[in-house]
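Asks: Spelled out, the chains give:
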Amino acid sequence: MEKQRHNLLTIVHDVAVFLMVMCGIVALATDQAHAAGDTIKVGIITEMTGTFADFGRHIVGGAKAYMKVNGDTVAGKKVELIIRDTTGPVPDVAKRLAQELIVKDKVDFIAGLGFTPNALAIAPLVTEAKKPTIIMNAATSIITTKSPYFARVSMTLPQVTEPMAQWAFKKGYRKIYTLVADYGPGHDAEAAFKKAFTKMGGEVIGESRVPLKSPEFGPYVQRIKDAKPQAVFAFVMPGEMAVAFMKTYNERGLAKSGIKLLSTGDVMDDAVQDALGDHALGVISSHQYSVAHKSQENKNFLAAYSKFDPQRPNFMAVGGYDGMAAIYNVIKQLNGKIDGDKAMAVLKGMKLNSPRGPIQIDAATRDVVQNIYIREVKKVDGHYYNVEFETFNAVKDPGK
Amino acid sequence: MLSLLGVLFDGLAYGALLFVISVGLSITLGLMGFNNLAHGVFAMAGGYLLVTLMSKAGIGFLPALPIVFCIVAVGSLVLERTLYRQLYKSTPLDQVLLSVGIIFIATAGTTFLWGPGQQPVVIPEWLSGQYSVLGLDLSRYRLFLMAIVAGITLALVFGLERTRFGAKIRASVDNQRTAESMGIRVERVFQMTFALGSGLAGLGGALGVDVLGLDPNFAIKYLVYFLLVVVVGGPGSVFGTLLAALLLGVADIAGKYYVPQLGAFIIYAAMIFLLLLFPHGLLGRRKSK
Amino acid sequence: MNAILQTRDLWKAFGGLIVTKDVNLSLAPGARHALIGPNGAGKTTLINQLTGVLRPSSGSVWLDGADITRIPPNERVYRGLSRTFQINTLFPRLTPLEAVTNTICVRERKRLNILKRRFFGVSRCSTLIDEAYALLEQLNLAQDCLVETHTLAYGKQRLLEMALALATRPKVLLLDEPAAGVPEGESDELFEVLNTLPKEISILLIEHDMNLVFNFADRITVLVNGEELVTGTPSEIADDPRVREVYLGKGH
Amino acid sequence: MSDTLARDSRHLTFLRARERWKPAEIAFWFALVGVYFVFPTNLIFVSQILITGLFALSLDMILGYAGIVTLGHAAFFGIGAYAAGLMAAHGWHEPLSGLLVAGLAAGIAGYLSSFLLSRGGGDLTRLMITLGIGLLLFEVANSATKYTGGVDGLQGVEVGKLFGVFGFDLYGKTAYAYVLGIAFLLFAFTRSMMHSPYGLALRSMRENQTRALAIGIPISACLTNIYTIAAVIAGIAGALLTQTTQFVGIDVLSFQRSADLLIILIIGGTATLYGGFVGAAVFMLAQDRLSNLNPQYWLFWLGIILIVMTLYLRGGMLGGLSRLADLYRHWRNKERP
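Read top to bottom, the protein sequences are chains A, B, C and D.
The first sequence begins at 1 in our numbering and counts up by one.
The second sequence begins at 401 in our numbering and counts up by one.
The third sequence begins at 690 in our numbering and counts up by one.
The fourth sequence begins at 942 in our numbering and counts up by one.
Since the hints were made in silico from the structure, they are not lab data.
The beta carbon of each residue, even a glycine, is placed where N, CA and C say it ideally should be.
Treat the hints with care, since some could be wrong.
[To be verified] Only pairs whose alpha carbons sit at most 27 Å apart, straight line, appear in this in silico BS3-like list of lysine-lysine:
| id | chain 1 | residue 1 | chain 2 | residue 2 |
| --- | --- | --- | --- | --- |
| 1 | A | K260 | A | K307 |
| 2 | D | K1087 | A | K194 |
| 3 | A | K194 | A | K171 |
| 4 | A | K213 | D | K1114 |
| 5 | B | K456 | A | K307 |
| 6 | D | K1114 | A | K199 |
| 7 | A | K171 | A | K146 |
| 8 | A | K194 | D | K1114 |
| 9 | A | K351 | A | K68 |
| 10 | A | K260 | A | K146 |
| 11 | A | K348 | A | K106 |
| 12 | D | K1114 | A | K104 |
| 13 | A | K130 | D | K1114 |
| 14 | A | K213 | B | K456 |
| 15 | A | K378 | B | K456 |
| 16 | D | K1114 | A | K195 |
| 17 | C | K805 | D | K963 |
| 18 | B | K456 | A | K379 |
| 19 | A | K68 | A | K106 |
| 20 | A | K106 | D | K1087 |
| 21 | A | K146 | D | K1114 |
| 22 | D | K1087 | A | K104 |
| 23 | A | K130 | D | K1087 |
| 24 | A | K146 | D | K963 |
[Unchecked claim] Pulled a few chain D residues facing chain C out of the computed Cβ check, cut under 7 Å:
| id | residue |
| --- | --- |
| 25 | H952 |
| 26 | L956 |
| 27 | E960 |
| 28 | D1110 |
| 29 | M1134 |
| 30 | H1136 |
| 31 | A1155 |
| 32 | P1159 |
So here's chain A without its partners, still in its complex pose (with noise of 0.2 Å):
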């Protein structure tokens, strides 16, 4: 009785360990089936779930997008774009993620890159690898100096607030109050805003920092209401806070008391724009990429965007579309024989003919130097939309 006892806990625990480490080798040899071939391989590293699916979602779509458009061979190679997903900014997870794929899948490009933590975690892995690594959205001005390896085709948070305070200077607002969300990215843009509007003379004259979980922004705004500035400079997450603190906005009356709300263009992204509604109509913002913009390649990224996704797309997609055209031009110009250090030297100072209208890779930052467009929200079709009505040609990440 006591050895069958005994034999039972041993079997319990062989079984375990049998089905654990069988699994275990299953699940790690299905990964060792990647033939090397005549293909390009684009490791996409993003958010496919979770609270930031939607990251993920217009990134891969605009990479697809760029790939309809453009046939997915090039110099006589396949394209291959193999997805990863972060699930949010879990830097140990996106390093892991990118590890794998320069040692397992081997890839040739590593691109996506939703979060600056992401992209600052996997810094040192593409240096060691050599891998030249493309940054589809993340914003933060560093990211480019901690690897020779990253070029980016998004957008800094300088670059597109500073603009935003030189046109409310130009316009005639001198006492303006900023708004927003507390963390990295609503702190730098906080400092960019009010660098650049002091500059000229012009005065900030409060501050709020509004926490990144909070359904309710009543008395920030209430604060910005006793206030009286002449506009408010607002950087919110995109998404429910954007549309909560919109909402706020004109429910309190801000709009019509003539209190102007100027912000960027991630805060009136162009995804969210109909579930904004009204609220956001007459909105100021500064940005690189409307829906509304109008030119031919738009046109081509729209329609080969809605094949992927029945949904708006946004400037994110704009930025996987671009830097899937980056990386064909650079598989073009290497005749498909990729080497990182030759790869950095086509992307350096590379240009693109972008849906958002021309851009260039600064051969000195690796950073994207691009027009910043002022547009106002119009109600166009039954449909909101950024309608762009000001450039500013050519500018260049003032962050660094």
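Starting from the known structure of chain A, fit chains B, C and D onto it as the hints suggest.
Replies: Showing chains B, C and D alone in chain A's frame:
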């Protein structure tokens, strides 16, 4: 002085919102003792139903509300029959896991059906904007919410204290065996209670989306807030939930207005503080042996 | 008198409800003392105050000449005050051997060194395990000592209740209705155990079964509405008209 | 056969058999050593599984063995991660001392917060208090951008060579050996503690608090104690993550991490010691595989797994397996009466 009154109004209004989204949980958790973390799923269902009813079926905001309540209540019975019922007597941990599973499936399902983005919610013209009363600007929608809260509170307190059904619920909760021996069909009573709690969750979700927004992560994003209010109030006590909601609402708004630097901390700190003072909730009953 | 366990003017009220009213209980060393009274007389509340689960509103509890009113329950156990429960309060997924060994290890914890206490397997404390086994054997539980408690028959679980209390090596043992729920036929085993308990252990017995009480106790206290009605020898109690009134109603 | 002899061997062998390292356990750890040679390209993944498993083990100590439900365990993981990260970012690059400091910091936090848990109230109150502490800490790390880097993460974490010899490389070989070594040491430590009289007392507390108090166990002191030890181990797990990724993201403190951890432990099985590791392996492999197949619906599958688990597979994978073994025993007993 004026700003103080304004802050107080905002706080109470925010409290009203917290109450509306949490009271359903207070019922399932407090009366039935089921740790239903999937409360937010019913709230989210309410939100999506409202949006769909209004945009696809062209039903107005007000008439849509009772429809949402009924559909969610009836729909919840399906889940009650198939899943919840089996775990009424399980440990809290099992109940938590089951309901977290439901949240995950609901999140994936909603993403599949509606996409991951924010849903637009349009409330009628007469509910948007503010009334100006004696120099104070009072939001119409918030006033509307407060009226609804008063209505729900009265209805629940009356319903639970004064009606036969209420008596049956209390009897079933206090002692299942005795209730059964008195001829009460406890199972049926629990079903009805569950439907009531879920219906209220749906209604709360529908009323809340204008302020909280609506996307597939709704259920998990606001989970903390539902629990916070209910646990602080003392599960099962409608008044406790109301009191906790108003208290936390005012504390949060006042804190954010007067000390905005600490905005993110206030509600959690208030919760921990209140729970240390009242481990069983403000008006919670100690579980008698 | 050098009582082993004593309460002095013990008083407990929940709000306006007085549940213990000036109780002065006193157990001599080696006593077999029974506490009886109708339902709701406050017997269990009194036990809870003795063991320290409840804090009395006023008055004090003395164990072996020391005031233990403000001492936490686990420390009272350490000083030799142990109890059983009216409703089985056991460790369902531990075996009786583990449960009793655990109790003995807790009792001996200040004598075990940190390595034995924290890092060496329980089986290294073989003398303690032998003691546990001997105790289980004494209570006729040896056959079942290696299966999980929840699989034991009810009567066996009642015995385990007793074993856990005895394993603390109490000076005073509080028995809260040890025969509760045990069918008539199976209670013999239990009574036998009660009768063979060593004389050094003083016992306070709460019981409804009057047969058992009158056979077992040498002193009896009757508690009514939280108040001590009378204390005396079994024959004194049997003859007391007030007790008859309480138990049999006025008509008799 | 002499009666005493039979008696002696019987009850002592029973306890000894429980405490002995089973062949399967030894195989488990050797298999992990084997991974180093067989799957050299997956080492980072497996070391992250080990770190999560270690973290889950620390949760098992308080949930499985002491019976405290917590949703804020990431707080200690995060404190450890930041402690190790801050040290490494400010010039102290030696990894082992980093682990020690991280464990110490997390332990102090665990010791202090354990007093908030002994205030009474039900599981739910404890759940909310732990959750609240976790959320507060997240906000603190988020606001203290100057020190923690906020949501952008703590940069400049440079970890020196292990024992001054082995550098952390691209393939994660050193990292793997390091993590495996530390995980094994802490596992052995926990294992022996759980089989000691102290572990027995903990289990009895989980089984029945009222009785545990009545046999003289100083419950709140024990809770404080185990909570502190669990916090130390969680902190070390956090520090391991920091040192192997050379980066600290604010997500180490996130609610998501606490919630995932709870799910991992439940999937694996509580109070089994190995449940955390098995759960971490299953969860992370499944997440990786399923989200590669169709990233959007990983949550859907996870939900299904959880529901099936609670309805039909209580006790997690290891619990289910032991029931399988029970069936097997019945079958064998029938075969050989």
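Asks: Each hint: holds or not?
Replies: The hints, checked one at a time:
no. : hint             : in the structure
1   : A:K260 / A:K307  : violated (38 Å)
2   : D:K1087 / A:K194 : holds (19 Å)
3   : A:K194 / A:K171  : holds (16 Å)
4   : A:K213 / D:K1114 : violated (39 Å)
5   : B:K456 / A:K307  : holds (24 Å)
6   : D:K1114 / A:K199 : violated (52 Å)
7   : A:K171 / A:K146  : violated (37 Å)
8   : A:K194 / D:K1114 : violated (47 Å)
9   : A:K351 / A:K68   : holds (21 Å)
10  : A:K260 / A:K146  : violated (38 Å)
11  : A:K348 / A:K106  : holds (23 Å)
12  : D:K1114 / A:K104 : holds (14 Å)
13  : A:K130 / D:K1114 : holds (19 Å)
14  : A:K213 / B:K456  : violated (31 Å)
15  : A:K378 / B:K456  : holds (24 Å)
16  : D:K1114 / A:K195 : violated (46 Å)
17  : C:K805 / D:K963  : holds (21 Å)
18  : B:K456 / A:K379  : holds (21 Å)
19  : A:K68 / A:K106   : holds (24 Å)
20  : A:K106 / D:K1087 : violated (37 Å)
21  : A:K146 / D:K1114 : holds (24 Å)
22  : D:K1087 / A:K104 : violated (37 Å)
23  : A:K130 / D:K1087 : violated (31 Å)
24  : A:K146 / D:K963  : violated (49 Å)
25  : H952             : holds (5 Å)
26  : L956             : holds (4 Å)
27  : E960             : holds (4 Å)
28  : D1110            : violated (35 Å)
29  : M1134            : holds (6 Å)
30  : H1136            : holds (5 Å)
31  : A1155            : holds (6 Å)
32  : P1159            : holds (5 Å)
Hint compliance for this structure: hints 1, 4, 6, 7, 8, 10, 14, 16, 20, 22, 23, 24, 28 are broken, all remaining hints hold.
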